[in-house]
Amino acid sequence: MKLSPLGDRVVLKQLEAEETTKSGIVLPGNAQEKPQQAEVIAVGPGGNVDGKEVVMQVAVGDKVIYSKYAGTEVKLEDTEYIVVRQSDILAKVEA
Amino acid sequence: MKLSPLGDRVVLKQLEAEETTKSGIVLPGNAQEKPQQAEVIAVGPGGNVDGKEVVMQVAVGDKVIYSKYAGTEVKLEDTEYIVVRQSDILAKVEA
Amino acid sequence: MKLSPLGDRVVLKQLEAEETTKSGIVLPGNAQEKPQQAEVIAVGPGGNVDGKEVVMQVAVGDKVIYSKYAGTEVKLEDTEYIVVRQSDILAKVEA
Amino acid sequence: MKLSPLGDRVVLKQLEAEETTKSGIVLPGNAQEKPQQAEVIAVGPGGNVDGKEVVMQVAVGDKVIYSKYAGTEVKLEDTEYIVVRQSDILAKVEA
Amino acid sequence: MKLSPLGDRVVLKQLEAEETTKSGIVLPGNAQEKPQQAEVIAVGPGGNVDGKEVVMQVAVGDKVIYSKYAGTEVKLEDTEYIVVRQSDILAKVEA
Amino acid sequence: MKLSPLGDRVVLKQLEAEETTKSGIVLPGNAQEKPQQAEVIAVGPGGNVDGKEVVMQVAVGDKVIYSKYAGTEVKLEDTEYIVVRQSDILAKVEA
Amino acid sequence: MKLSPLGDRVVLKQLEAEETTKSGIVLPGNAQEKPQQAEVIAVGPGGNVDGKEVVMQVAVGDKVIYSKYAGTEVKLEDTEYIVVRQSDILAKVEA
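Chains as they are written, first to last, in UniProt numbering: chain A, 1 to 95; chain B, 1 to 95; chain C, 1 to 95; chain D, 1 to 95; chain E, 1 to 95; chain F, 1 to 95; chain G, 1 to 95.
Simulated from the structure, these hints should not be mistaken for lab results.
Just so it is clear, the structure is predicted and the values come from calculations on it, not from any experiment.
Misleading hints may appear alongside valid ones.
Here are the computed distance ranges between Cβ atoms for each label pair [what the hints assert, rightly or not]:
id	chain 1	residue 1	chain 2	residue 2	range
1	D	VAL55	C	THR79	42 to 52 Å
2	A	VAL55	C	GLU16	19 to 29 Å
3	C	LYS2	A	LYS68	19 to 29 Å
4	B	VAL55	A	ASP78	51 to 61 Å
5	F	GLU73	D	LYS75	19 to 29 Å
6	D	ASN48	E	LYS75	28 to 38 Å
7	D	VAL55	E	LYS63	40 to 50 Å
8	F	GLU73	B	ASP50	31 to 41 Å
9	B	VAL55	A	TYR69	26 to 36 Å
Cross-link-like lysine-lysine pairs, in silico, DSBU-like; alpha carbons within 35 Å at most [unchecked claim]:
id	chain 1	residue 1	chain 2	residue 2
10	E	LYS68	E	LYS92
11	D	LYS63	D	LYS92
12	C	LYS13	B	LYS2
13	E	LYS2	D	LYS13
14	D	LYS13	E	LYS68
15	B	LYS13	B	LYS52
16	B	LYS52	C	LYS92
The following residues of chain A were derived to be distant from chain G, with all beta-carbon distances above 10 Å [said to hold, decoys possible]:
id	residue
17	MET1
18	LYS2
19	GLN14
20	PRO45
21	VAL60
22	SER67
23	GLU73
24	GLU77
25	LEU90
No residue lacks a Cβ here, since even glycine has one placed at the ideal position from N, Cα and C.
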């Protein structure tokens with residue numbers, strides 16, 4: 001089962017932020033501030049969206065930073081995704 | 001009796017989320033968080049909508065995820081439907 | 001006396017929802033949830049509306065579902081009408 | 001002294017709703033719900049309004065229904081007028 | 001010192017509404033409801049305003065009715081002016 | 001160090017409103033109502049701003065009246081400036 | 001690891017405002033009003049953004065003033081950045 005986004009929508013999956021505190025304890029993601037980094041899981045076709053021509057600029061596998069408060073959370077087969085418009089993606093994170 | 005949507009409207013019918021808890025009890029849909037998956041029942045013709053050309057990208061029978069809070073609930077012959085604009089549909093769910 | 005709507009306006013008349021409860025008592029429309037089905041009474045000419053070209057897609061006599069909270073109630077010779085924009089009509093109801 | 005509206009503005013004058021109650025008492029307009037029927041007193045030239053071409057579709061003397069809450073009340077030589085945009089006029093009332 | 005408005009702005013000066021009550025007492029403007037009539041003092045050049053072509057339709061000396069709540073009050077050399085956009089002017093008042 | 005505004009932005013510096021009360025006491029600007037007159041310090045290049053072509057109509061040294069509540073206060077080397085869009089400038093004040 | 005902004009986004013890094021009070025105590029940035037000066041760290045490609053053609057007018061290394069309340073704070077490898085749209089940049093600060 002997979003999500004195939006429409007228009008300029010992009011399906012994201014949040015990156016786990018496993019961090020070690022100074023005392024060496026590993027905090028799971030939930031105990032921290034929600035990270036804004038995510039991986040691109042699926043990309044809509046772009047094209048005419050609300051009467052404007054949109055060219056998609058992200059690709060599956062990209063690491064991205066997206067706008068806090070943007071997007072809709074979706075759960076599919078026990079995995080949580082965020083569906084955002086491409087314009088809610090601020091930047092790619094490159095190695 | 002059937003609904004024939006105008007413009008870029010799409011008629012959806014929510015998919016029942018019958019789930020079995022770990023103890024084996026089946027919870028009916030009402031006792032859970034409202035699922036966002038729906039099946040496409042009818043699709044408007046698209047074309048010029050609010051001065052913008054809209055091409056319909058979903059078809060009857062598609063399973064879709066739609067935006068929480070979007071759409072209007074409509075009851076016809078004891079069946080509940082949701083009428084949304086195509087732009088409120090986030091993604092198709094494909095097998 | 002009749003209403004002749006301007007632009008993309010449509011004059012609707014709510015359909016009475018006379019229903020029989022299980023005990024056989026007929027509840028008049030007022031005692032129930034306001035139905036959203038209506039009949040089209042008059043249709044504006046469409047054309048240039050707010051700088052956008054609108055083609056009317058409903059006709060007098062059509063049964064339609066319209067958006068809750070949309071439109072203006074108007075009383076003319078003791079009959080109540082609702083005047084909506086065509087974009088507030090979600091779907092036609094066909095037999 | 002007369003009002004000459006600009007752009008797509010229309011000057012209206014509310015029609016008095018003198019009605020006879022069942023007991024035969026005539027209630028002046030003030031004691032009732034504000035009627036929405038009005039007569040067109042003056043019509044702007046239309047043309048380019050906010051970058052959109054507007055063609056005026058009402059004429060002096062037309063009886064019209066206008067949107068509740070729309071328009072600005074103006075008093076000139078003890079007569080009250082309402083100045084609305086043409087798009088706030090819902091329909092003409094024809095005999 | 002004079003105000004030279006930009007774009008589609010118009011400089012107005014409120015007309016004093018000196019009125020005589022029935023008992024013959026003259027109430028100065030302040031003691032009454034603020035009148036909406038004003039005289040046009042200066043008119044901007046119009047032209048391209050926010051990407052739209054605006055043609056000015058009022059001239060210095062015109063008496064106009066303007067929208068309540070519109071405009072910015074400006075005091076220059078002890079005289080109070082109101083600077084409005086032309087679209088906030090509802091109508092000219094002609095003799 | 002100087003501010004070089006982008007797009008249709010204009011850098012303003014408020015004009016001090018030193019006034020003598022009737023008793024001869026000079027009130028510094030802070031003790032009075034904030035004046036809306038300012039001098040133009042720097043002017044952006046205009047051109048394509050949010051997809052609209054903007055031609056700059058003010059020049060360095062102009063005295064202008066600007067919209068209350070508009071603009072962003074900026075402090076640079078102990079001098080306070082206001083950065084506004086040209087459309088927030090209501091009028092030039094000419095001698 | 002670096003941020004590569006999309007569309008008309010610009011990655012900024014706030015300039016530290018280390019200041020010496022009159023008594024000679026150096027206040028770290030946190031104890032003061034948040035400065036609005038920032039350095040440009042990365043610049044999006046511009047081009048078609050929401051259907052409008054955007055030409056980027058800032059370059060990496062520019063010192064800029066940006067709009068209070070604009071932008072999204074992003075933390076990457078313990079450094080804090082602000083991602084803004086170019087239209088939220090008011091002016092360049094030039095030496």
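Hints, verified against the model:
1. VAL55/D and THR79/C have their C-beta atoms about 30 Å apart, which leaves the hinted 42 to 52 Å range violated.
2. Restraint check, VAL55/A to GLU16/C: a C-beta distance of roughly 52 Å breaks the suggested window 19 to 29 Å.
3. Evaluation of the 19 to 29 Å hint for LYS2/C and LYS68/A yields a failure: the beta carbon distance comes to about 54 Å.
4. Distance hint for VAL55/B and ASP78/A: a CB-CB separation of about 34 Å, inconsistent with the stated range 51 to 61 Å.
5. In this structure the supplied range 19 to 29 Å is violated for GLU73/F paired with LYS75/D, their Cβ-Cβ distance being about 41 Å.
6. Checked against the given bound of 28 to 38 Å, the beta carbons of ASN48/D and LYS75/E, roughly 33 Å apart, stay inside it.
7. Against the hinted window of 40 to 50 Å, the Cβ-Cβ separation of VAL55/D and LYS63/E comes to about 28 Å, which falls outside the hint.
8. Checked against the hint of 31 to 41 Å, the pair GLU73/F and ASP50/B passes, with Cβ atoms roughly 39 Å apart.
9. Judged by the Cβ atoms, the range 26 to 36 Å given for VAL55/B and TYR69/A holds: they are separated by roughly 30 Å.
10. Only pairs whose Cα atoms come within 35 Å are accepted, and LYS68/E paired with LYS92/E is accepted, the gap being roughly 15 Å.
11. For the hint linking LYS63/D to LYS92/D, the alpha-carbon distance of about 6 Å falls within 35 Å, and the restraint holds.
12. Taking the CA atoms of LYS13/C and LYS2/B, the gap is about 20 Å. The hint holds against a cut of 35 Å.
13. Straight-line distance between C-alpha atoms of LYS2/E and LYS13/D comes to about 38 Å, which puts the hinted pair past the 35 Å bound.
14. Restraint check for LYS13/D and LYS68/E: satisfied, since their Cα atoms lie roughly 19 Å apart, inside the 35 Å limit.
15. Taking the CA atoms of LYS13/B and LYS52/B, the gap is near 27 Å; set against the 35 Å cutoff, the hint holds.
16. The hinted pair formed by LYS52/B and LYS92/C meets the criterion: a straight-line CA distance of about 22 Å does not exceed 35 Å.
17. Every CB of chain G is more than 10 Å from the CB of MET1/A (nearest about 29 Å), matching its label as outside the interface.
18. The non-interface label for LYS2/A is consistent with chain G: the shortest C-beta to C-beta separation is roughly 24 Å, beyond 10 Å.
19. Listed as outside the interface, GLN14/A is consistent with that label: its C-beta sits roughly 14 Å from the nearest C-beta of chain G, beyond the 10 Å cut-off.
20. Every CB of chain G is more than 10 Å from the CB of PRO45/A (nearest about 16 Å), matching its label as outside the interface.
21. Against the 10 Å criterion, VAL60/A stays outside the reach of chain G, whose nearest CB is about 16 Å from its own CB.
22. For SER67/A, the condition that its CB be more than 10 Å from all CB atoms of chain G is violated, with the nearest at approximately 6 Å.
23. No Cβ of chain G approaches the Cβ of GLU73/A within 10 Å, the least distance being about 18 Å, so the stated non-interface status holds.
24. Residue-level check passed: GLU77/A sits 29 Å from the nearest beta carbon of chain G, beyond 10 Å.
25. A beta-carbon of chain G is positioned within 10 Å of the beta-carbon of LEU90/A; the least distance is around 4 Å.
Hints 1, 2, 3, 4, 5, 7, 13, 22 and 25 from the earlier list are contradicted by this structure; the remaining hints agree with it.
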